[in-house]
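Visitor: Residue strings, one per chain:
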Amino acid sequence: MGYVDVSAVRHTLSDGRVLLDDVSFRIGEGARAALVGENGAGKTTLLRIIAGDLAPEAGSIARTGGLGVMRQFIGSVRDDTTVQRFLVDLSPPAVREAWDAVEATELTLMETDDERSQMAYADALAQWGDAGGYDAEVTWDTVTVAALGVPYERCKYRELSTLSGGEQKRLALEALLRGPDEVLLLDEPDNYLDVPGKRWLEERLLETRKTVLFVSHDRELLARVADRVVTVEGGTAWVHGGGFGSYHDARTARHERLAELRRRWDEEHQRLMELVRTLQQQAANSPDMAGRYHAMQTRLAKFEAAGPPPDRPPEQRVAMRLRGGRTGVRAVIAEQLELTGLMQPFDLEVWYGDRVGVLGANGAGKSHFLRLLAGQHVTHTGDWRLGARVVPGFFAQTHAHPEWHDRTPVDLLWHGEPGRPGVDRGRAMAALRRYGLADQGEQPFRTMSGGQQARFQILLLELSGATLLLLDEPTDNLDVLSAEALEEALAAFEGTVLAVTHDRWFARSFDRFVVFGADGRVYESAEPVFDETRVQRIR
Amino acid sequence: MTLAVPPTVPDPSVRSAIARLRQEFPELAPGPIVLVVRTCREELRGSPDGALPELVERLARQRLRVALD
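Line by line, the protein sequences are chains A and B. Residue 413 in this note's numbering sits at position 427 of the first sequence, and the numbers go up by one each step. To convert, take the position in the second sequence, counting from 1, and add 348; that gives this note's numbering.
The set of hints was computed from the structure by calculation and includes no laboratory data. In this text the structure is predicted, and so the values were computed from the model without any measurement. Be aware that one or more of the hints could be misleading.
[To be verified] Far from chain B by the CB rule (all over 12 Å, computed), these chain A residues:
no. : residue
1   : A37
2   : P137
3   : Y509
[Claimed, not checked] Some chain B residues near chain A, calculated using beta-carbon distances under 10 Å:
no. : residue
4   : E391
5   : L392
6   : G394
7   : D397
8   : L407
Just so you know, even glycine gets a beta-carbon here, dropped at the ideal spot from N, CA and C.
One chain only, chain B, in its complex shape:
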């Protein structure tokens, strides 16, 4: 299977965002959450390292909410 988004180097911001969003959205399977978080991480490439965890999590949360609405 080919992923839509190439896997990023695992980083703490992605891991922590996935963990929190899985708790926040129990109705969603882990796969889509991981995909959305990784996509957001890629799109936010170039953002300052220190701000990345917050930016990734916020954007991913926003997209998941829209997807559920």
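This is chain A alone, in the form it adopts within the complex:
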């Protein structure tokens, strides 16, 4: 069993800003700790420090039990890395080093087949055996069978880029969970996994006896798996010793406590300064008071030298104001609607104020359905119409706007578009500030993070005056705090919402579900359905 002990760690960015200061926490043996925080708060930096990729400027990391690390990029590997190389890289250092030695001696042997090279090769193989390499190969066979359904010998030279993002993640997770390392650092292990994949991950993390520290934005995963939550915010980190269910209240209570401590310090500071001023005047008139005046000066100096307690972290400055407006009672009507080749005809009535989750299989036509309602051209048969005063506003997945890539948010707001009038620079900046995007106002859209792009799209919905929100995976790139801000905004929205989502936590805030089945059937469900399999098509 292993543990991680982080003690008084400090890290300064290259521009001189202190990103992390006095970060201390311990992940004890067998714990499953979540690491959360806003994008850019320092989660990945902290993971890199724990993994040993970065040396802390101050403080130290202690750990035992061997460390296995799954990096965030896994799932999007597009280079020529093979399955074999990938599994070697996920192995303990001794196995990696022995493997590198075997590879190097094999190369030498191909060029110079003399006695010396042969003995070096034999030594490298012996080291490979001593390092547990042959045992590792047996494990890799189990891993590839579990993750890909094929033995190691049949897939070891296959390039990772030929695997889907979910398969890459699953391969890494199987290797780490079955491997010898007792401490696992997992950076967004659930990315690229569909809901059944996420459920599988949850079960595996719950049953493992390893010590796990993981970063995730999936609140359902956090709620099911984490037995403690490490939050990176305000330039430091703190630990909530309970699960995610009680995290929100714990965080609010902590912020209030910090604010109260700071308020008391400010009051005491003010009181001491007034005392010093009073005693200064008295000492000017009466030499007897000089001693008390100097004593009070010393006390004030010591108080100031000790410094104030940490202030409460600034709240994420996201204030979404999705206003909406009253529309006809029937907001969306579909009669025998069929998106050509995607589904069987179906009827649907959505009422004003409904919150409809659109769920189902990948490739079943969910996004096309939203695009149709948004007024885009989608080939279909049957009828559909929107009710009186229904104005659709469409939120697409963040990669769906290539025409915005080189434009800045201020430029996009200034020019407007049909249905959304342009606004002057002052109003644009004020709106961007409310969404925590003031610093990105002049930066090309393509250089913004996924979360920033998502928030900007929601701002456009706000400005468009939409009364029917059509949202396609709106929480996909949002950190936990931004996702909660979106949910609050949607709760206050006067109008109708249809959202395609795989986010189980987000789906709980909906009251109706339309499911697009893998068999082409479209049906309503009172409960969310997440186990529709992918639609199989001849490709």
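Dock chain B against chain A, hints included.
Guide: Frame of chain A, contents of chain B only:
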């Protein structure tokens, strides 16, 4: 007579290497081939079992070639 190298427990890797090398080097008497193979086997003691046949045969072939040159 005392052998320079104590006899190893006969194993398939030694037997198969001797058989192949005898065919490959007909100009050599069986004795020196056996001796070279057994010496190589001893020197490679500690190598993984699975890799031993290939390692023994390669090293012995190398030494026999050098001896003939």
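Visitor: So, as I understand it, the hint says L392/B touches chain A; can you test that by seeing if any CB pair is closer than 10 Å?
Guide: Holds, because the Cβ-Cβ distance from L392/B to chain A comes to roughly 5 Å (cut-off 10 Å).
Visitor: Grab the minimum C-beta distance from D397/B to chain A and call the hint holds if it beats 10 Å, violated otherwise.
Guide: Holds, about 9 Å.
Visitor: Verify that the Cβ of Y509/A lies farther than 12 Å from every Cβ atom of chain B, and report whether the claim holds or is violated.
Guide: Holds: least Cβ distance 56 Å, greater than 12 Å.
Visitor: Should the hint that E391/B touches chain A count as held when the rule is a Cβ pair under 10 Å?
Guide: holds, 8 Å
Visitor: Against chain A, run the beta carbon of G394/B and see if the smallest gap drops under 10 Å.
Guide: Given a least distance of 5 Å, the restraint on G394/B holds.
Visitor: Holds or violated: the hint that L407/B contacts chain A, with Cβ atoms closer than 10 Å.
Guide: holds, 5 Å
Visitor: Over 12 Å to the closest beta carbon of chain B is the bar; see if P137/A clears it.
Guide: The claim stands: P137/A keeps its Cβ more than 12 Å from every Cβ of chain B (closest is about 17 Å).
Visitor: Per the stated criterion, does the least C-beta distance between A37/A and chain B lie above 12 Å, as a non-interface residue requires?
Guide: holds, 31 Å
The structure fails none of the hints (numbered hints given earlier).
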